[in-house]
Amino acid sequence: MQKLIIPILLCCFLVSCKQEKQQNKVVPQENKKYYTEAYRPQFHFSPEEKWMNDPNGLVYNDGIYHLFYQYYPEDIVWGPMHWGHAVSKDMVHWEHKPIALYPDEHGLIFSGSAVVDKNNTSGFAKNGESPLVAAYTYHLMEGEKAGRNDFQTQGIAYSLDNGESWAKYEGNPVIGNGGIKDFRDPKVFWHEASQQWIMALVAGDHAKFYQSEDLKEWEHISDFGKNHGAHGGVWECPDLFQLKVEGTDEEKWVLIISINPGAPNGGSGTQYFIGEFDGMKFTTDQTEAKWLDYGTDNYAGVTYNNTPNGERIFIGWMSNWDYARDTPTEKWRSAMTVPRNISLQKIGDDYFLANYPLASVDDLMSTILVENLEIASGETKSLQIPGVHQSKIQFKTASKDFKVTLKNAEGESLDLAMDSKSKSLLLDRMNSGKVDFQAEFGNKKHHAPLTPLKNELYEVSILLDWSSIEVFVDGGLVTLTDQIFPNQPFNELILENRDSTEAIQNVSVRKMESVWQSE
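Going by our numbering, the first residue of the sequence shown is number 144, and it counts up by one from there.
To be clear, the hints were calculated from the coordinates, so they are not data collected in a lab. Among the hints, a few may not be true.
In silico BS3-like links for lysine-lysine, alpha-carbon gap of 25 Å or less [claimed, not checked]:
| hint | residue 1 | residue 2 |
| --- | --- | --- |
| 1 | 539 | 588 |
| 2 | 489 | 539 |
| 3 | 324 | 359 |
| 4 | 546 | 566 |
| 5 | 566 | 543 |
| 6 | 433 | 543 |
Could you put the whole structure together from the sequences, leaning on the hints where they help?
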């Protein structure tokens, strides 16, 4: 992630580092106002209070999905980074946990990953346990302020009680820095073929790969990317994994790289590469960037290690460094995307990633607000739907010209349009409510090319929460994620079919239940 370094009072840093805070478990307040502040997401993860950014340490173990995240417990703007922590059994209902990792003498705790060390290669377990081991970046503020380039190093910590408590390795840092200014975000996984741990991390304009037998001693083995993909900004938050091509036995390797700035619609974004990894090098014939999400609010996402069925589950930070510190929330700032299943599809001679919400997200659907509606060619229908601001809208169509508009009582609107002339999906939030808190937030429509669509009749799924919209077309081959801040909830849905021959079929709108109100 782009760690925006801002002047921070030393006293705040010292207070936030007090280890006795580890005993202050976050307990939900038992009242009707819990998680009902203006713009508070109802079925997306957000911290109870204060600043959050990148998801970290995504790992499953013993029935629990762990979500660690970049956290500053003193303010709703970026500050000295800790690892916040939450757990879930279904990836939609979350329990807040105490802060997992605090800054120490080596620096602040920046982004990283976690693994289950099943064979205790690290030696951290003494009684037959399988430790959780986290790898993360240290950021030494004193080094940065002194003008050095070696202020980011890599450290590890371990847990013997499934993430409830953590101890840092006494030999930290495990990877030093020879003078690379942006040197961070380690993603670690076990490579079965070579029987080694592999680490991907980023170094400014490229990725670096390391190998280890014990998670403590690391050897640099290769680099990738100086001449590949987008380079409009710093590379961040790498992830490397293998996937089967859907419907086949063919396997490919996928490398995800976040970049800030330089995304197709401005600011932060996530690109990916399809290729091969032999345990030493990642190679690909792809030279141009492919984008996981064309919205402006899906950044720094990575996938879970050790999932029970080998699913590749992704969560992203639902914000953008262009305006992340300025969004109009007061108690907390920012949320995560819904968890998404990543799949690899071959269309013609090319490969594309799709990302689509987990089935457990659909378990939140309840009241039917609209069912089996059809919009004929050339027809427009306007529907008053209280509660549409917290819903799933879904339909099927072969139309390449349609418009979906959401409105509220103040005349604010959010538009999603399929445009055959430009072969694009367009999302327009310029009149969606509060947009003037930062110049880049509401200054243009967001475009997504329709190149990878494979089905003539395709599905459109739209998830609306109090301050976000996530759009998935054709099973997630085209995806747009944007934050929105309407002054009143949207309560009108307008469906306009501009196609001369094709209908919009099976329109349904279902309420999405809050995952917080039962707390």
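Hints, verified against the model:
no., hint, result
1, 539 with 588, "holds (24 Å)"
2, 489 with 539, "holds (22 Å)"
3, 324 with 359, "holds (23 Å)"
4, 546 with 566, "holds (14 Å)"
5, 566 with 543, "holds (8 Å)"
6, 433 with 543, "holds (22 Å)"
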